[in-house]
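S.K.: Residue numbers (the working numbering), protein chains in the order written: chain B, 54 to 333; chain C, 54 to 333; chain A, 54 to 333; chain W, 54 to 333.
One or more hints might be untrue.
DEER-style ranges, computed between Cβ atoms [as the list claims (entries may be wrong)]: (1) W:332 <-> B:241: 23 to 33 Å; (2) A:145 <-> B:159: 26 to 36 Å; (3) B:209 <-> W:154: 33 to 43 Å; (4) A:108 <-> C:200: 46 to 56 Å; (5) A:55 <-> C:199: 41 to 51 Å; (6) B:145 <-> W:119: 40 to 50 Å; (7) A:152 <-> C:263: 33 to 43 Å; (8) W:209 <-> C:195: 52 to 62 Å; (9) W:119 <-> A:244: 20 to 30 Å; (10) W:154 <-> C:199: 48 to 58 Å.
Keep in mind that the hints were calculated from the coordinates and are not lab data.
Yeah, the Cβ is synthetic: ideal placement off N, Cα and C, and Gly gets one too.
There are 4 protein chains.
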Amino acid sequence: MLRGLTGAGMGALSGGEELIRLAGKYGFQSVDVDALPLIEKLGEEGAAGLLDEHGVSIGSIGLSVQWRAGEAEFLEGLQRLPDQAAAARSLGCTRCCTYILPSIDSAPAHFMAIATRRLRQCATVLGAYGISLGLEFVGPHHLRTHWRHPFIWTMEETLDWVAAIGESNVGLLLDAYHWYTTGLGTDAIRSLRAERIVHVHINDAPDVPVEQALDNGRLYPGEGIIDLSGFLNALHDIGYRGPVAQEILTAEQPAESPDQLAQRSKAGFDNVFALAGLPY
Amino acid sequence: MLRGLTGAGMGALSGGEELIRLAGKYGFQSVDVDALPLIEKLGEEGAAGLLDEHGVSIGSIGLSVQWRAGEAEFLEGLQRLPDQAAAARSLGCTRCCTYILPSIDSAPAHFMAIATRRLRQCATVLGAYGISLGLEFVGPHHLRTHWRHPFIWTMEETLDWVAAIGESNVGLLLDAYHWYTTGLGTDAIRSLRAERIVHVHINDAPDVPVEQALDNGRLYPGEGIIDLSGFLNALHDIGYRGPVAQEILTAEQPAESPDQLAQRSKAGFDNVFALAGLPY
Amino acid sequence: MLRGLTGAGMGALSGGEELIRLAGKYGFQSVDVDALPLIEKLGEEGAAGLLDEHGVSIGSIGLSVQWRAGEAEFLEGLQRLPDQAAAARSLGCTRCCTYILPSIDSAPAHFMAIATRRLRQCATVLGAYGISLGLEFVGPHHLRTHWRHPFIWTMEETLDWVAAIGESNVGLLLDAYHWYTTGLGTDAIRSLRAERIVHVHINDAPDVPVEQALDNGRLYPGEGIIDLSGFLNALHDIGYRGPVAQEILTAEQPAESPDQLAQRSKAGFDNVFALAGLPY
Amino acid sequence: MLRGLTGAGMGALSGGEELIRLAGKYGFQSVDVDALPLIEKLGEEGAAGLLDEHGVSIGSIGLSVQWRAGEAEFLEGLQRLPDQAAAARSLGCTRCCTYILPSIDSAPAHFMAIATRRLRQCATVLGAYGISLGLEFVGPHHLRTHWRHPFIWTMEETLDWVAAIGESNVGLLLDAYHWYTTGLGTDAIRSLRAERIVHVHINDAPDVPVEQALDNGRLYPGEGIIDLSGFLNALHDIGYRGPVAQEILTAEQPAESPDQLAQRSKAGFDNVFALAGLPY
Numbered sequence: 054m055l056r057g058l059t060g061a062g063m064g065a066l067s068g069g070e071e072l073i074r075l076a077g078k079y080g081f082q083s084v085d086v087d088a089l090p091l092i093e094k095l096g097e098e099g100a101a102g103l104l105d106e107h108g109v110s111i112g113s114i115g116l117s118v119q120w121r122a123g124e125a126e127f128l129e130g131l132q133r134l135p136d137q138a139a140a141a142r143s144l145g146c147t148r149c150c151t152y153i154l155p156s157i158d159s160a161p162a163h164f165m166a167i168a169t170r171r172l173r174q175c176a177t178v179l180g181a182y183g184i185s186l187g188l189e190f191v192g193p194h195h196l197r198t199h200w201r202h203p204f205i206w207t208m209e210e211t212l213d214w215v216a217a218i219g220e221s222n223v224g225l226l227l228d229a230y231h232w233y234t235t236g237l238g239t240d241a242i243r244s245l246r247a248e249r250i251v252h253v254h255i256n257d258a259p260d261v262p263v264e265q266a267l268d269n270g271r272l273y274p275g276e277g278i279i280d281l282s283g284f285l286n287a288l289h290d291i292g293y294r295g296p297v298a299q300e301i302l303t304a305e306q307p308a309e310s311p312d313q314l315a316q317r318s319k320a321g322f323d324n325v326f327a328l329a330g331l332p333y
Numbered sequence: 054m055l056r057g058l059t060g061a062g063m064g065a066l067s068g069g070e071e072l073i074r075l076a077g078k079y080g081f082q083s084v085d086v087d088a089l090p091l092i093e094k095l096g097e098e099g100a101a102g103l104l105d106e107h108g109v110s111i112g113s114i115g116l117s118v119q120w121r122a123g124e125a126e127f128l129e130g131l132q133r134l135p136d137q138a139a140a141a142r143s144l145g146c147t148r149c150c151t152y153i154l155p156s157i158d159s160a161p162a163h164f165m166a167i168a169t170r171r172l173r174q175c176a177t178v179l180g181a182y183g184i185s186l187g188l189e190f191v192g193p194h195h196l197r198t199h200w201r202h203p204f205i206w207t208m209e210e211t212l213d214w215v216a217a218i219g220e221s222n223v224g225l226l227l228d229a230y231h232w233y234t235t236g237l238g239t240d241a242i243r244s245l246r247a248e249r250i251v252h253v254h255i256n257d258a259p260d261v262p263v264e265q266a267l268d269n270g271r272l273y274p275g276e277g278i279i280d281l282s283g284f285l286n287a288l289h290d291i292g293y294r295g296p297v298a299q300e301i302l303t304a305e306q307p308a309e310s311p312d313q314l315a316q317r318s319k320a321g322f323d324n325v326f327a328l329a330g331l332p333y
Numbered sequence: 054m055l056r057g058l059t060g061a062g063m064g065a066l067s068g069g070e071e072l073i074r075l076a077g078k079y080g081f082q083s084v085d086v087d088a089l090p091l092i093e094k095l096g097e098e099g100a101a102g103l104l105d106e107h108g109v110s111i112g113s114i115g116l117s118v119q120w121r122a123g124e125a126e127f128l129e130g131l132q133r134l135p136d137q138a139a140a141a142r143s144l145g146c147t148r149c150c151t152y153i154l155p156s157i158d159s160a161p162a163h164f165m166a167i168a169t170r171r172l173r174q175c176a177t178v179l180g181a182y183g184i185s186l187g188l189e190f191v192g193p194h195h196l197r198t199h200w201r202h203p204f205i206w207t208m209e210e211t212l213d214w215v216a217a218i219g220e221s222n223v224g225l226l227l228d229a230y231h232w233y234t235t236g237l238g239t240d241a242i243r244s245l246r247a248e249r250i251v252h253v254h255i256n257d258a259p260d261v262p263v264e265q266a267l268d269n270g271r272l273y274p275g276e277g278i279i280d281l282s283g284f285l286n287a288l289h290d291i292g293y294r295g296p297v298a299q300e301i302l303t304a305e306q307p308a309e310s311p312d313q314l315a316q317r318s319k320a321g322f323d324n325v326f327a328l329a330g331l332p333y
Numbered sequence: 054m055l056r057g058l059t060g061a062g063m064g065a066l067s068g069g070e071e072l073i074r075l076a077g078k079y080g081f082q083s084v085d086v087d088a089l090p091l092i093e094k095l096g097e098e099g100a101a102g103l104l105d106e107h108g109v110s111i112g113s114i115g116l117s118v119q120w121r122a123g124e125a126e127f128l129e130g131l132q133r134l135p136d137q138a139a140a141a142r143s144l145g146c147t148r149c150c151t152y153i154l155p156s157i158d159s160a161p162a163h164f165m166a167i168a169t170r171r172l173r174q175c176a177t178v179l180g181a182y183g184i185s186l187g188l189e190f191v192g193p194h195h196l197r198t199h200w201r202h203p204f205i206w207t208m209e210e211t212l213d214w215v216a217a218i219g220e221s222n223v224g225l226l227l228d229a230y231h232w233y234t235t236g237l238g239t240d241a242i243r244s245l246r247a248e249r250i251v252h253v254h255i256n257d258a259p260d261v262p263v264e265q266a267l268d269n270g271r272l273y274p275g276e277g278i279i280d281l282s283g284f285l286n287a288l289h290d291i292g293y294r295g296p297v298a299q300e301i302l303t304a305e306q307p308a309e310s311p312d313q314l315a316q317r318s319k320a321g322f323d324n325v326f327a328l329a330g331l332p333y
C-alpha cells in the first residue's frame with residue numbers, strides 16, 4: 054500500500070506544489086491533487102518533474118463534475134472532464150473520486166436514477182483515459198438526517214449502486230471514518246475483492262459514542278479509537294496495494310503549519326502501520 | 054395503431070384462448086397474453102394457427118420476473134425469462150411490460166439502484182430475442198402513499214429511469230389512466246419520440262376529482278372523462294403505430310359475460326376512435 | 054422530411070455562413086455544418102440568430118474524433134468532443150455522423166473490437182448532450198478493395214455493429230449512393246424502424262454498371278439513375294421525418310458558383326420530391 | 054492458487070464424478086465440470102456433498118452457448134444459460150469460460166460485431182448469477198490459417214475485445230500453451246491486473262520450434278519446455294489466487310487409466326510448483 058496525503062488536515066497549504074513537497078519530505082508516496090491545474094501552471098513536463106523529484110505519484114483526482122446539480126451544470130462539468138482526465142493520465146494517475154451525501158433534498162428514487170446515468174457518463178469518459186471512478190459512502194449519523202430525505206450510506210448500498218452504474222471501472226472509495234461510523238468490521242473488508250476498491254482514506258475518530266462522531270470531527274491516524282490496525286490488515290490481506298490517503302476534516306483549520314502537520318501525519322502513519330505489522 | 058385487448062376488463066375468461074377468439078370476433082387486432090403457456094398447451098404451430106385464424110397478434114407479454122422481491126426470487130424468475138422471451142418471439146410478439154408501484158416499503162434510493170441493475174439484466178435477455186421492455190408509470194394518488202415511501206410515478210421520472218437502465222430496448226408503457234391521474238396533457242405525449250413508447254393502455258376515468266380516481270376504479274373507453282381523443286391523436290401524430298390495449302381494473306369482476314364485455318369494449322373503441330377522427 | 058444541404062457539392066464555399074445563407078435562399082431547411090466554429094466566430098446568440106434569419110437548422114455535425122487512428126490521437130479527439138456536442142446542443146442540433154471505410158489496412162477483427170469500444174465512448178459523450186450518432190456504411194465497389202482487408206459495407210453489417218456498440222443513441226446514416234451501390238431496394242428501407250435512422254444523404258449515380266460507380270463520381274439528385282422516388286417514399290412511409298441532406302462527392306470541384314450550385318440543387322430536390330409525390 | 058484438473062488429459066473418464074474423486078485423491082483443489090448435469094444426477098445437496106467429501110470446488114464451467122453459430126442456435130443456447138449459471142452458483146462456482154478460434158470462415162469484422170453483442174448478452178446473464186466469463190485466446194500457429202480468415206489470437210487483442218464487450222465480469226482465460234505459442238514472456242503477465250484473469254490453464258509444450266507446436270500436441274506440466282516456473286510466479290506476484298487447471302489436449306487418448314493419469318498430473322504439479330518455489 055502507498056502512504057498518501059490529501060490537502061484535508063494539512064492546514065493553510067499554498068497549493069498542490071506545497072503538498073507534493075511536504076509529502077516527499079516526510080516519506081509519503083502519493084498525494085491527492087488535481088492534475089490539470091498543476092499542468093496548467095508547470096507544464097506537463099514540469100509537473101511530472103516535480104512529482105519525480107519528490108518521489109510521489111498522484112493518488113486520485115477529485116471528480117469536479119456537479120452530478121448532484123441541475124442538468125445544465127452537470128453538462129458544463131462534463132465538458133471539462135476529458136481535459137482533467139487527460140491531465141491525470143499524463144501524470145500517471147488512474148483514480149478519480151467523489152462522495153455520496155447520505156441525505157438529500159430531492160426525491161431519492163428519482164435522484165438515484167438521474168445520478169446513475171450521470172455517473173455512468175462520467176465513468177465512460179474517465180475509462181477512456183484509463184481512470185477508475187471511486188464512490189465514497191459517507192457514514193456520520195448526523196448527515197443522514199441533515200437534508201430532507203435519506204439517500205444511501207452503507208457499503209452494501211454503494212456496491213449495489215456500483216452494479217447499477219454497470220461500468221467496469223467503477224468501485225469504492227473506502228474511508229476509515231465511514232467504515233467506522235457505519236458499524237463495519239474487518240470482515241466487511243475481507244468480503245471485498247481488492248479490485249472493487251478504487252481508493253482508501255485513513256483518519257481517526259474521537260472517543261465519543263459512534264452516533265456522535267461528526268464528519269468534521271476527525272483525528273489524525275492513531276490519535277483516536279478506530280481499529281486502524283484491523284482496517285489496514287484487512288486491506289492488505291485481500292490484496293489492496295493502492296494509496297491509503299490521509300483525509301482529516303475538522304471544524305477549524307489546525308493551528309500548526311503545514312510542515313508541522315505533515316510531520317504529525319508521518320508520526321501517525323508510522324504508528325498505525327507499525328501496530329498493524331505492515332511494511333513501511 | 055392496433056386495437057387491443059388485455060384480460061383486465063373481460064370478466065371471467067377461461068384463458069388466453071378465449072381472449073384471442075373474442076378479440077377476433079369483435080375486430081380487435083392484438084391481445085396481451087403470455088406466449089409460453091399458450092405454446093405449452095397448443096404447440097408453437099397450434100398457437101400461431103389460433104392467432105392467425107382469429108386475425109390477432111400478441112401485443113405484449115407481462116414481465117414475470119419478480120424484480121421487486123429478494124435476490125433469490127429475482128434470479129429464479131430470470132431463469133425462466135429466456136423461455137418466455139423465446140416463446141413470445143416465436144409468435145411474433147416484440148413487447149414485454151411491467152409496472153412501477155408509486156410507493157414502496159423499502160428504502161427508495163437503494164431499491165432504485167437494485168431495480169435498475171435487475172431491469173437492465175431483464176432487458177438484455179429480452180433484447181436477445183428481439184423484445185422491448187415497457188415500463189408503466191402508475192398515477193393514482195392513493196397509491197403514492199399506500200406503501201411507506203414514495204418511489205416514482207411521473208412520465209418524466211420514468212424516462213429518467215429508462216436512461217439510467219441504459220439499454221436501447223427499454224421504453225414506456227403509456228396508460229391513459231396514469232397519463233390522466235398524473236395531470237399530463239397532450240403536449241407531454243407530443244414531446245415524446247414514438248420509439249420511446251413500447252406499449253399503450255387505454256381505459257377511462259370516472260367523473261370524480263382526479264385525486265380520488267382509484268386504480269381499480271377504471272371505466273371502459275368512452276364511458277368516462279379522460280380526453281381519449283386527444284390522447285389517441287397525440288400518439289398518432291408522433292408516429293406511434295403499435296397496440297392500444299384496453300386494460301380495465303375494477304374492484305369487482307363485471308357481471309357481464311366475456312362476450313358481452315368484448316362487445317362493450319368494441320363499442321367503446323368505435324366511439325373513441327371515431328371521435329378522434331382516426332381510421333379504424 | 055427536411056430538405057438539407059451539406060458543403061459537398063456546393064463548390065468553393067467561403068464557409069458555413071455562406072452555406073446557411075444559400076440554404077435559406079433556395080428553400081432548404083437544414084445544413085450540415087459544425088456548430089462549434091460557428092459559435093466561436095459569431096457567439097451562441099449570433100449563430101442561432103443567423104440560422105433563424107435564414108430559416109434553417111443544423112442537420113448534423115461531423116464526428117471529428119479520429120476513431121480509426123492510434124489511441125493517443127483518438128483520446129485527443131475525445132477531449133474536444135464535449136465542447137463540440139455542447140455547441141451543437143446549444144444550436145438545437147441532435148445528430149453527429151461518421152462514415153465507415155469498407156476496407157482497412159489493419160487486421161479487421163481486432164480493429165472492429167477497438168472501434169466498437171471507441172464509438173461507444175463517443176456515443177456516451179454525445180448522448181449526454183442529447184445527440185445521436187449515425188454510422189454511414191459506404192458502398193462503392195472500388196473502395197472495398199482499396200485498402201488491404203475488407204471491413205464492413207452493408208446495411209445489415211452496420212446494424213449488427215450498432216447492436217454491438219449497444220448504446221441507445223446510435224443508428225444509421227443512410228446515403229442514397231451507398232444504398233444503391235450495395236444493391237439494396239426499397240424493402241430494405243421498409244424493414245427498418247425509423248428510429249434506427251439518424252440521418253439521410255441524397256445524391257445520384259451515373260448510368261454505369263453499379264460496380265463502376267465511383268465514390269467521388271456522384272451526381273445531383275435527379276440527374277442520375279438511382280430510384281430516389283422509391284428511396285424517399287420508403288423513408289417517408291416508415292415515418293422518417295429528419296433531414297435528407299444532399300452530399301455530392303466529385304473528383305473535381307464543379308465550375309459553377311456556390312449560388313448556381315444551390316440553385317441546381319434546389320431544382321434537383323424539386324424534381325425528385327415531385328416525382329416521389331411527397332410534400333415540399 | 055488452486056491446483057485444478059479438467060477432463061482433458063485424464064483419459065477415458067466415466068464422467069464428472071470420477072474426475073471429482075480423482076482430484077480429491079491426488080490433492081487437487083478444483084475441477085472443471087459442468088454443474089447442471091451433476092445436479093440433475095445427484096441433486097443439489099448430493100452434488101455439493103460429493104464436492105465437499107473430496108475437498109474440491111468447481112473451478113469453471115464451460116460456456117455451452119453456440120456464439121459462433123447462426124442466430125437461432127445462439128438463442129437456443131442462451132435459453133439454457135440461466136439454468137446452467139444458477140446450477141454453478143448453487144455449487145459455489147464463479148467462472149464460465151469459452152475459447153476463441155484464431156481463424157474463421159466468415160468475414161472477420163462482421164463476425165466480431167456479432168460476437169461482441171452475443172458475448173455481452175451471455176456475460177449479463179452470467180453476471181446476474183455472480184459468474185465471470187473468461188475468454189481464452191488460442192495461440193498455436195497452425196490454427197491461425199486453419200480457417201479462411203484470421204480472427205484474433207493475442208492477449209492484447211483479447212483484452213481489447215474484453216473492453217469492447219464492456220461488461221465488468223468479463224476477462225481472460227490464460228492458458229500456458231497459448232501464452233507460450235503467442236511468444237509472450239512473464240512481463241506480459243506482470244502487466245495484467247489479477248482481476249482481468251478469470252481462469253488459468255496449465256500444460257506443457259514439446260521441444261519443437263514454436264511454430265510447429267500443435268494445439269493437440271500438449272504435454273503434462275513439467276514434461277516439456279514451457280517456462281512454467283516463470284508463468285506461475287508471475288501469476289502469483291500479481292495476486293492471482295484462482296484455479297490453475299491442467300488441460301492436456303492430445304491427438305490420441307493416452308493409454309493409461311484415469312487414475313494413473315491423475316497420479317502423473319500430480320507429479321507434474323508437484324514438480325512445477327516446487328521449481329517455482331510456490332506453496333503447495
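S.K.: Run every hint past the structure and note whether it holds.
M.R.: Each hint tested on the structure:
Separated by about 27 Å at the C-beta atoms, residue 332 of chain W and residue 241 of chain B satisfy the suggested range of 23 to 33 Å. For residue 145 of chain A and residue 159 of chain B, the Cβ-Cβ distance of about 28 Å falls inside the hinted range of 26 to 36 Å, so the restraint holds. A hinted range of 33 to 43 Å holds for the C-beta pair residue 209 of chain B and residue 154 of chain W, which are about 41 Å apart. Our hint of 46 to 56 Å for residue 108 of chain A and residue 200 of chain C holds, since their Cβ atoms are close to 52 Å apart.
Restraint check, residue 55 of chain A to residue 199 of chain C: a C-beta distance of roughly 47 Å satisfies the suggested window 41 to 51 Å. A hinted range of 40 to 50 Å for the beta carbons of residue 145 of chain B and residue 119 of chain W is consistent with their spacing of about 43 Å. One distance hint, 33 to 43 Å for the beta-carbon pair residue 152 of chain A and residue 263 of chain C, is violated here, with the actual separation near 51 Å. At roughly 59 Å, the beta-carbon separation of residue 209 of chain W and residue 195 of chain C lies within the given 52 to 62 Å, and the hint holds.
Distance hint check for residue 119 of chain W and residue 244 of chain A: the Cβ-Cβ separation is about 26 Å, which falls inside the suggested range of 20 to 30 Å. The hinted range of 48 to 58 Å is satisfied by residue 154 of chain W and residue 199 of chain C, whose Cβ atoms lie roughly 56 Å apart.
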